[in-house]
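Visitor: Residues per chain, in single letters:
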Amino acid sequence: AQSVTQPDIHITVSEGASLELRCNYSYGATPYLFWYVQSPGQGLQLLLKYFSGDTLVQGIKGFEAEFKRSQSSFNLRKPSVHWSDAAEYFCAGGTDSWGKLQFGAGTQVVVTP
Amino acid sequence: EPEVTQTPSHQVTQMGQEVILRCVPISNHLYFYWYRQILGQKVEFLVSFYNNEISEKSEIFDDQFSVERPDGSNFTLKIRSTKLEDSAMYFCASTGTGINYEQYFGPGTRLTVT
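If you're matching them up, the sequences are chains A and B in order.
Counting from 1, position 101 in the first sequence corresponds to residue 101 in our numbering; the numbering is continuous, with no gaps.
Adding 1000 to a residue's 1-based position in the second sequence gives its number in our numbering.
Worth flagging that the hints you see were computed from the coordinates, not collected in a lab.
Incorrect hints may appear among the rest.
[What the hints assert, rightly or not] In the DSSO-like style, the derived pairs of lysine-lysine whose C-alpha atoms are separated by at most 27 Å in a straight line are:
1. K1057/B x K1083/B
2. K1042/B x K1078/B
3. K49/A x K1083/B
4. K1057/B x K1078/B
5. K68/A x K49/A
6. K1042/B x K68/A
7. K49/A x K61/A
8. K1042/B x K1057/B
9. K61/A x K1057/B
10. K1042/B x K1083/B
11. K1057/B x K49/A
Turn these sequences into a full structure, and let the hints guide you.
Guide: Have a look at this one:
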C-alpha cells in the first residue's frame, strides 16, 4: 500500500545546531513528495517539494531535502536551527500533483536555547 | 500572494447537528480538497473535487459528508449529523492544473462536537 512514514515523533535540538527529519515512502513509482510545517494553531505551510530532476531540493526558511530512491527517503535538513523553527513537520506524498496527499504522522521539533 | 481562506476558524456544535464549513480556494485553481486532522493524529484525506464533481473520496467520507461548490468562489463541506468523533481540524486545499503544482492549504476550521 502507498504510504509515508516519519519514524521520529519528537526531536529536541539546540538552537544553532543542525536538524534532520526523516521521511520514508512506499510507492510503486516515484511519488511527488512534499514537506509541510505547522506551527501551533496554524495551517500547513509548504516548505519544499520534489517532483523530478535534481534530487537535492531547496525550500523556504533555509530548509533543504534530498530524495534518495535507493533508500526510499526524502529527509529534511537545516544546517542551523532557529527558535522559530519549533513546530510540527509533515512529510506528504502523492502520485500526481492533483491527487490526494498522504501524510506521515508528523515530527514535533522542540528547539532549546 | 494568493491564499486559501476558511470560515469559521472555530465551530462548536452539538452532536446530531448539521455543520457547513466554508472555504474560498485560490481563484484560478481547479482542484479542491478537504482533509482533516484529529487532535494528535496525522492529516487525513477526505475528498477531492474537480469539474463540479467528486474525483476521489476516502473511507471516512461517508453519506454524512457532502461537498459543494455553490458559486464560482466557495467550496463547502457539510456534515449532516455530527458525531463526537467528527471533532477535528478541517483543512481545505486547492491546486492548479499542470504537472508541477502543489496543494495550498487554508488555515483550517477547528470543529468541536459536544
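Visitor: Hints broken by the structure, by number, lowest first?
Guide: 3 and 9
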